[in-house]
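Quick note, the sequences are listed as chains S and V, same order. The opening position of the first sequence corresponds to residue 1 in this note's numbering, with each subsequent residue numbered one higher. The opening position of the second sequence corresponds to residue 1001 in this note's numbering, with each subsequent residue numbered one higher.
The hints are simulated quantities; they were obtained by calculation from the structure and are not laboratory data. Heads up, none of these hints are tricks.
One-sided and incomplete, this derived list gives chain S residues near chain V with beta-carbon spacing under 7 Å:
| id | residue |
| --- | --- |
| 1 | D335 |
| 2 | G350 |
| 3 | M397 |
| 4 | I398 |
We put the CB at the ideal spot given by N, CA and C, even for glycine.
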Amino acid sequence: MNREDFPLLSEDIIYLDNSATSLKPKCVINKMNEYYEKYPANAHRGDYDLSFKVDQEYENTRELVKKFINAKYLEEVVFTSGATESLNMIVNGFFANYLEKDDEVLITTSEHASNVLPWFRLVKKLGIKVKYIPLDDHYYVTLDNVKKMINNKTKVISIAGITNVIGDERPIKEITKLAHDNNIFVVVDGAQMVPHIKVDVKDLDIDFLAFSGHKMCGPTGIGVLYGKKELLEHLEPINLGGGMNESFDNPDEVILKELPTRLEAGTPNIAGVIGLGEAIKYLNNIGLDKIIEQEHKLRKYLIDKLIPIKHIDIINIESDSGIVAFNVDKVFSQDVAYFLNKYNICVRAGNHCAKILKSSVGVTNTVRVSLYFYNTYEEIDNLVMLLSDYEKIVKEMI
Amino acid sequence: MEEETKRAIIMEHYENPLHRVRKDNEDYIKINTNNSSCIDNLDIYIKFNKDIIEDITFEGEACAISISSTSIMINNLINKTKEEALEYIHNFYDMTNGKEYNEELLKEGNAYHDIYKQGNRKNCATLPYRGIEKAILESLK
Ligand SMILES: Cc1ncc(COP(=O)(O)O)c(C=O)c1O
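Turn these sequences into a full structure, and let the hints guide you.
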């Protein structure tokens, strides 16, 4: 659906790498151009009409994000360069000051590197412990398994809402309830969740949420850090500089601005913020319910066609989003991707930045198809036709 | 070299790579070589006897192009002097960059003659060469 909105889709190309980044609709591209062409001034700076217009557009996106994730206050929405930066700010700006030696952080083996490495640094720096919530037979997180891992040293649970490897959705609401009953904070990596399903931070009672614009039809280089206001107040800015201070006469008298400006030092990615606002409007117009429904239909169609193919080993028969991970018998995943590329089909091969997953799934690399609402049954037919011919794959992979 | 011959050489060395074994003894130097843009990741083990490359082996996970290229490279470098090996390596780079090179010297390495036309796959073919070159240059220091 909505294929006509995406300039790339008029080309002869089948794009199935949406978990890496989504395509951008024309309206988002136009909106960013509008900024660069019509009011390319700085934000929060000038006392003239152009700059005022920038401020309006910029803050309008904040309002759109607030509504999109149902945050309570506008100040809880901070613009960052993406999920990675948001997660690093959460870990280094908040938890580095809060955690102590031997405190425990629970993650899983299917987390993205950006939700693992910042914690690993605190292991080295503070002597905290990172522990892994075991995954069940389908690589899912169950509440029981979370319960088993909690003890009086557990201070944080930091997990993806939906993973980028398997596409499984975690029971976030149940987890936050359990966590808060035990005085544990919950960080949700929403990079793969926010683009696909309705995330209501109040209802889910999430303490911190991180996500990126580029996976939800928005531009690259822009993302969001959400935090409950009372927690964000204690998040120490990593970046200091222009725009975020009130005064700095000497090192003892530095006064910083209020939230969220305090956490947005320097000239922000203004075009990115404005583009993100347009992307949110675009997704709202289609409706997230429709988006996930379409993804599920497409995925089921693909899975049903892949299952009978003997030389294909599907890693995640079950999944809650549009991700299908698989391997072709005795063919390295990268070679499968190269083969498909010869037919203008874009899929991803690799470990999908979740290097530690191999300890649970037993495979290091997979081919990953990730669908979004604008993919079609015909595209899937094309993919399946190619994948079903083993000899062709082996012949043409080099 | 005919297209079909090239294919056959690559497939043969991919399906039955030579020297694919891990070496833990101390005579061997281990070097890791990987492609930042993809998932090829190989460990190469190399044993020098003064100026001569006495043995090379490898292990790891990589695509058909990388694995076969490693197998062929090793076959052609064992028993060469370091200088001869560097010459081979540089000829291979020249070939993969679409430049003039000594065809006779490369033997089965010629199977990757057209790889430069496939942008990203050039890095797969040269992956083992970059590793071994580094090891040789280090040993000459
Ligand atoms: C689950 C998950 N978390 C975090 C990220 C990081 O997002 P970004 O690279 O936009 O910062 C990704 C992106 O691939 C992801 O899939």
